[in-house]
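There are 6 protein chains.
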Amino acid sequence: MEFRPSIVIKISGKFFDENDASANISFLRQVVSSLAGSYRIGIVSGGGGNARKYIKLGRELKLNESYLDLLGIWASRLNANLIAFALGDLAYPAVPDSLEDFVEKWSSGKVVVTGGFQPGQSTAAVAALVAEAISASKLVVATNVDGVYDKDPRDHADAVMLKELTLSRLREILESSQSVKAGTYELLDPMSMKIIQRSKIQVIVMNYKNISALTSLIKENKAIGSIVIPE
Amino acid sequence: MEFRPSIVIKISGKFFDENDASANISFLRQVVSSLAGSYRIGIVSGGGGNARKYIKLGRELKLNESYLDLLGIWASRLNANLIAFALGDLAYPAVPDSLEDFVEKWSSGKVVVTGGFQPGQSTAAVAALVAEAISASKLVVATNVDGVYDKDPRDHADAVMLKELTLSRLREILESSQSVKAGTYELLDPMSMKIIQRSKIQVIVMNYKNISALTSLIKENKAIGSIVIPE
Amino acid sequence: MEFRPSIVIKISGKFFDENDASANISFLRQVVSSLAGSYRIGIVSGGGGNARKYIKLGRELKLNESYLDLLGIWASRLNANLIAFALGDLAYPAVPDSLEDFVEKWSSGKVVVTGGFQPGQSTAAVAALVAEAISASKLVVATNVDGVYDKDPRDHADAVMLKELTLSRLREILESSQSVKAGTYELLDPMSMKIIQRSKIQVIVMNYKNISALTSLIKENKAIGSIVIPE
Amino acid sequence: MEFRPSIVIKISGKFFDENDASANISFLRQVVSSLAGSYRIGIVSGGGGNARKYIKLGRELKLNESYLDLLGIWASRLNANLIAFALGDLAYPAVPDSLEDFVEKWSSGKVVVTGGFQPGQSTAAVAALVAEAISASKLVVATNVDGVYDKDPRDHADAVMLKELTLSRLREILESSQSVKAGTYELLDPMSMKIIQRSKIQVIVMNYKNISALTSLIKENKAIGSIVIPE
Amino acid sequence: MEFRPSIVIKISGKFFDENDASANISFLRQVVSSLAGSYRIGIVSGGGGNARKYIKLGRELKLNESYLDLLGIWASRLNANLIAFALGDLAYPAVPDSLEDFVEKWSSGKVVVTGGFQPGQSTAAVAALVAEAISASKLVVATNVDGVYDKDPRDHADAVMLKELTLSRLREILESSQSVKAGTYELLDPMSMKIIQRSKIQVIVMNYKNISALTSLIKENKAIGSIVIPE
Amino acid sequence: MEFRPSIVIKISGKFFDENDASANISFLRQVVSSLAGSYRIGIVSGGGGNARKYIKLGRELKLNESYLDLLGIWASRLNANLIAFALGDLAYPAVPDSLEDFVEKWSSGKVVVTGGFQPGQSTAAVAALVAEAISASKLVVATNVDGVYDKDPRDHADAVMLKELTLSRLREILESSQSVKAGTYELLDPMSMKIIQRSKIQVIVMNYKNISALTSLIKENKAIGSIVIPE
Ligand SMILES: Nc1ncnc2c1ncn2[C@@H]1O[C@H](COP(=O)(O)OP(=O)(O)OP(=O)(O)O)[C@@H](O)[C@H]1O
Ligand SMILES: Nc1ncnc2c1ncn2[C@@H]1O[C@H](COP(=O)(O)OP(=O)(O)OP(=O)(O)O)[C@@H](O)[C@H]1O
Ligand SMILES: Nc1ncnc2c1ncn2[C@@H]1O[C@H](COP(=O)(O)OP(=O)(O)OP(=O)(O)O)[C@@H](O)[C@H]1O
Ligand SMILES: Nc1ncnc2c1ncn2[C@@H]1O[C@H](COP(=O)(O)OP(=O)(O)OP(=O)(O)O)[C@@H](O)[C@H]1O
Ligand SMILES: Nc1ncnc2c1ncn2[C@@H]1O[C@H](COP(=O)(O)OP(=O)(O)OP(=O)(O)O)[C@@H](O)[C@H]1O
Ligand SMILES: [Co+2]
Ligand SMILES: [Co+2]
Ligand SMILES: [Co+2]
Ligand SMILES: [Co+2]
Ligand SMILES: [Co+2]
Ligand SMILES: [Co+2]
Ligand SMILES: [Mg+2]
Ligand SMILES: [Mg+2]
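Chains as they are written, first to last, in the working numbering: chain A, 67 to 297; chain B, 67 to 297; chain C, 67 to 297; chain D, 67 to 297; chain E, 67 to 297; chain F, 67 to 297.
Don't read these hints as lab results, they were simulated from the structure. Even glycine gets a Cβ: it sits at the ideal position worked out from N, Cα and C. Be aware that a few hints might be false.
To be verified - Not everything, but these chain A residues come out facing chain B in the computed CB check (under 7 Å):
#1 Tyr105
#2 Leu148
#3 Phe151
#4 Val211
#5 Tyr215
#6 Ile290
#7 Ile293
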C-alpha cells in the first residue's frame, strides 16, 4: 500500500454564496485533481448564507440551540454534497454524519467531503477533528479574508494580517469575538483550537479566492495567507 | 390501537422562499397540531429556490441529470428537517431517504416529514408514493397557485381555475408542459399521476397561502382549491 | 486511477425461472469475468415468477399496490443476491436498496448487483436510473425475447423484430401495452424511458439465452438483438 | 406501561408453498389480531421451497456453505416480509437481520416478523434466540407434521406422535437425523436446543394446518400438538 | 400526547468500577422506575477505569488522540449497554452513537442511555448536548465526590463544598485543572460549559453513592450536592 | 485483481488482560504487517476478563442469558476496536456486528477485526463462521494454553498436549467440559465445530504468547501448537 500524506481543506460556507461559486468549485476540483495522486484529502464545507437563513427561520419558530445548529449542519451537508458530486470518481459519493462515519468512509482511499457533525461546534471544529483522526500534516482554512488579522477585519479597517503566529496568539485575538449561539462561531471556535493544540496540527488560513494557489501551497510550501504554529 | 385515517400534505418548496416563511410554517404547525389527534399525517416538502440554485451550480459544473436531481433532493431534505424540527414532539425527528425508510419511520405513530427520495421523479411523486403506501384518504398539494387551471397560469392571463376535474382531464392539461430535466417537474409528474390513478387517491390542489384553511378542508370537507377525482 | 467505461446489464427475472438457471448464471459469470478488467459493470435483476407469486399472494390478502410492489422488489433482491454471491470477489457482496445506496456501493470499484428500488417503477427503471447515475455508455436489457418487436410477440405471431429503432418508435410500440398495476410493467416502463431519453442512454434489447454473446457485443460491438437509439 | 407476556411463533417455510398459502396467512392474521391485545408476539418464518431452490442453484454454482445459508436466509426474509405486510399496522413494517436488530425493532411495541439471522443455524434457532431475548413464555413451532414423533414421520409409517416429552428425549430422537449442510436443518437444530435448554423455554410443536387453533392454545392452554418440557 | 418534563442523568464511569456496582445500578433502576411515569429520562454514562485502561494501552501503541478518545467512547458504550439492558422495557435497547442518533431513539418515548459521541469532548459534554436537545429542565451529574468544591478535592484536603454556585464561578474553579488529553477531562469540560451556558441548563452535581436520593431531588426539589446556576 | 489466500486469527480475550497486553498487540501488528501483502486476514477477538466482569454484573441484576451474552459481545467489540485502531491503515476502521456486516467490510480488501456477533455462540463460533464465509485456508486459535490437550489442562496437571488430532477426537475431548451459560464457552463450542466440520476448515490452536511465531506458521508451515484435521 503506497503512502500518501493527508491534508484537510476547510471551505467556508461563504464560498457557495459567491456569484462565481461554480467557477470557484471548478478551481477546487482542479486543485484536488492535481493533488490526489500524492496526497489523501479531506474536505470540510461550511454552511454559509443558507445555514444562516435556516437558523434565522428556526429562531423565529423558537427552536432550541441544538436544533438550530442541526439546521446549520444540514445546510453544510448540502454544500458538501455539491463538492463531492463535482469531484466525481475522486470522491466518496456520500457525506458522513459523524467523525466515526468519516473515518469509515475515509478508509475507501477516496477524497471524503463532509459538512457539520454535531451541535455545539463549528465546521472548523469538524475540520480539526478530521485532521486529528487522519493525522493530517496540514489543515488549510479557506475563508473570505486573506488570513488571520490582529483584530476582526470586518469591524476594524486598521487590522493587520499576520503571516505567521502562534496558536496562543490566535487564541488571544479571537477570544474577544467568540459567541456561543448557533451559527455564529468565528473562524476557529474553542473546540477546534483545543484539538489543534493537543495534536499540534499546522493550520494555514487563506482566502478562498486564491483557491488555485493551494496546489503550490501544498506541493511547494508556497507562503499564502497566515500560518498558525502549534506550540 | 385506535384508528386515525391518514392524509398527506405536499408543501411546495417555494413555501420556504417566501418572506414570511416562518409565519407560514407556524400556521402549518397549528394545522398539524389541531389535526394530529384525529389524523395520521405525512408531509412532503419540495426543494424550492434552493434546489434550483444548487441544480444550476451543478449544471455549470457539468454533473449528470442523476446528480442534479440528488442535489434537488438534498435541498428538499433541508426544508423537511426544518418542518420536522418545528413540529417538535409531534414529528419523527429525522427525514427518511426512501419509501421503505418512510414506512419504517411512519410506524412510530408520529407525523413523518420527508423530502425527495430518488432521481427521476418530483417530490409530488414522493407524495403520491407515500399516500399510496399509507392508504391515505387525501393528498393535499399546497403550492403557489390557487388550484389547477386549464392552462399554466404563469404564462396565460386568461387561465381559469377548475374547482373540480378528473385525473384524465388533469393529464391532458399538464401533458403539454412536462419536461424531463432535473428540477423542472410540473405540479404533478407522470410518476405521481400513475400512482394516483392506480390507487385512486383523491388529490386537492390549493394555495399554501391558505394553509390555515387546511383544518376545515380536512375536518369539514370545506371546498378549497381544486379537487381532482380519480376514475 | 485507471478509467473503465461503465455498462449496465438488466437481467430479466425470468432468467431465474428457467430449468437451466444455474448454467445461465454461470455464463453470465464468465461474461462479467472477461469484461471486468476493461469495464465497470452494474447488474440489475428482475423478480420473475417469484415476484409474481408473492404479488399474487399479497393481492389475495388485499395489500395495497405499494406493498405489492415491495414484495416484487424483495423477490428481485433474492435474485440479485444470488448473482452477487455467484460473482464472488468481483462483486460487492450486498445488494443496495436505493439509488443513493447503489452509488455508494459503486464507489467500491466492484460490480454492483441490485434488484428493485421503489414501488411504482419496474426494475427496468432501476436499470435506467443506475445507467444514468454512473454515466454508462450502454444499457443491455437481457430478456426472454430476441429483441424489440413491432408488436408484443407474446400475443402476435406475426410480430417482426427490429434491429434498430429510435426511442420514440419504441414508445409508440409499447404505449398500448402498458399497465400500472404492481408486477405488470412491460419491457420498459415510462420512468425508464424518461431517464433513457433525458440522458441519451444507448439501449440494447437481447435474449438472455445469448448471454454469452454479451462479451463480443460489448467488446466488438457485435450486433445482437435490437438497438434503441435515443434522439 | 401495561405488561403483556411475550410469545414466539415459528412458521415453517413450507407454509408459503401450500396451494392455500394466502388462506393460511389470513388465518394467522386473525390469530395475531385476537392475541395482540394481551400478548406481545414475535414471528419467525422459515424459507421453504424457495430457500431450497436458491440453495440448489447456489450449490450448482459451487458457492460455499456460508453463502448457501445466506440464500436460504434471504428466501426466509421474503416470507417474513409477506407476513409483516399482511399484518398491516399490527406489525413493524421491516424485517430485522440480526438478534440485536430484532431487539431494537421489538421495542416499538409491535409484532416483529423475522426470517433468518446468520449462516450455520436454522430459523428454529432464530426462534429460540428471539424467545430467549424477549423472555417469552412459549415458543410455538408450527410445521407440516402434527407434533414430535418418536421417529421421523416422513420415513417411518409407524412413528408415534408424543403429546408430551422432555427436551432430552427430543434431543435423543432428533440426534440421528441431524445434518450440518445449509438448508437441511431438521425441526430443531442443536443451537435451538441449547438455547431452549439454558433458558428453559416451553416449546409446542403443532401443525400449521391448525393455525387457527393457536388462539385457544395460547389463551386457554388448549392441548394441541406436542409440548416439550425443558428440565 | 401527555407531557412529561425531561431530565438528564450523567453517571460517572467510576460508578461501574465500584465493588458494589450492581447494587448501585439496582438503585438507579429503582429511581428510574419511580420517575419514568412523570419524567422523560436521558442517561449518559462515563467510561471509568475501563476507558482509562484502553486509552493507556492505545497510548503505549502510539495511537493518536482521536483514536484514544474513541477507545474511551467504546468503553463508555459498554457501561451504557449495561444500564440500558438493566432497565429492560423502560429503556431503548440500543445505545446511540451521535446526538442525531440520540434524538431519533429519544422519539420512541423510552429512557435512552448513551455513552460518548465524539472525540474531543467528555461524556459530560454529551450530557449537556443531550440536555439541550431535549430541553431538559435539569442535568444531574452523579460522580465520586459530593458536589463542586472550591478546589479539586482530590488534591486539596481543605477544599470546601459549595451548595450553590454560578456557572461563571464554576468556570473559574475548573479552569486551572483542565487538560486536553484524551481521557483526562475533569468534571465538566469547556464544551459542556458552553452548552450549559447558552441554553441555561440547571446543573446539579452529586455523589453517585446517594443515587437513591435522586427521586426526592427531582420530585421534591430536595437539596443534594451542589446546584450550579446559569446566568 | 491479485489473489491472496485468506486466514482467520482468533485472539483470546485473555490476551487483553495480560500485563504486557500492549506489547502483545504490538507483536500481532508486526505479524499482520508482514503477512498482509500475501494474505487476506480476518481477526476475531474474545471478550476476556471484561466480558466476565460485565456478565457477572448482569447476572447479579438478573438479566436473561441473551442480554448477558450481548454484554460479552460488547466487551469483545471493545477489544476488537483496539486491534483495529492499532493496525491503522491496514485494517477496516470499524467493527462489524454480524456475519453479513463482516462480509461487506471484508470486500474493502482490508484486514477486518471483529468481536462477537450473536448470543448463544462464542467468539470461536464467530471465527469459524468468518473462516467459512471467506473460504479461509486456515483458522488459527491463539489462546492461553499451548494447544489442545487430552484433558482440560486447567484442571488436570497430567494433561498431554496433542500436536495433531482429528476434529472428532477434539469433539470427544471437549464434550465433557461444555457449558451453555453465557460467557462460559470453552475453546471451541458446538457451533464452531459444526462449521469447521461442514466446511473442512483447518484449525491450529496455539499460545498467544508465541504470537510472533505466526508469520512462520503461516508462511513456512512451521509446526506450532496443535493442528486439528477435519475429516
Ligand atoms: N482576527 C481575525 N482574523 C481573520 N478573520 C477574523 C478575525 N476575527 C474574526 N474574523 C472573522 O472570521 C470570519 C471567517 O469566519 P466565519 O466563521 O465567518 O466564516 P467561515 O467559517 O469561513 O464560513 P462559514 O462559517 O459560513 O462556513 C471572517 O470573515 C472575519 O470577519
Ligand atoms: N414490442 C415488444 N417487443 C418485445 N417484447 C415485448 C414487446 N411488447 C411487449 N413485450 C413483452 O415484454 C416482455 C419482456 O418484459 P417483461 O417485463 O415481461 O420481462 P422482464 O422485465 O425481462 O422480466 P421481469 O419483469 O420478470 O424481470 C416479453 O416477454 C414480451 O412479451
Ligand atoms: N421426530 C420427529 N418428529 C416430527 N418431525 C420430524 C421428526 N424427525 C424429523 N422430522 C421432520 O421435521 C420436519 C419439519 O422440519 P423442517 O425443518 O423440514 O421444516 P420446517 O423447519 O418447519 O420448515 P422450513 O425449514 O422450511 O422453515 C417434518 O416434516 C419431519 O419430517
Ligand atoms: N472543584 C471541584 N469540585 C469537585 N470535583 C472536582 C473539582 N475539581 C476537580 N474535580 C474532580 O472531578 C472528578 C470527577 O470528574 P471525573 O471526570 O474524574 O469523573 P467522572 O466524569 O464522573 O467520571 P468518568 O470520566 O470516568 O465518567 C472528581 O473526582 C474530582 O477529583
Ligand atoms: N482439552 C483442552 N485443551 C486445551 N484447552 C482446554 C481443553 N479443555 C478446556 N480447555 C480450556 O480452554 C481454555 C481456552 O478457552 P477459553 O474460552 O477459556 O479462552 P478463549 O476463548 O481463548 O478466551 P475468551 O473466551 O476470553 O475469548 C483454556 O484456558 C483451557 O483451560
Ligand atoms: Co464559520
Ligand atoms: Co415541483
Ligand atoms: Co419486467
Ligand atoms: Co427447517
Ligand atoms: Co469525566
Ligand atoms: Co472463549
Ligand atoms: Mg425448518
Ligand atoms: Mg471522566
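| query | What hint numbers does the structure not satisfy? | reply | 1, 4, 5, 6 and 7
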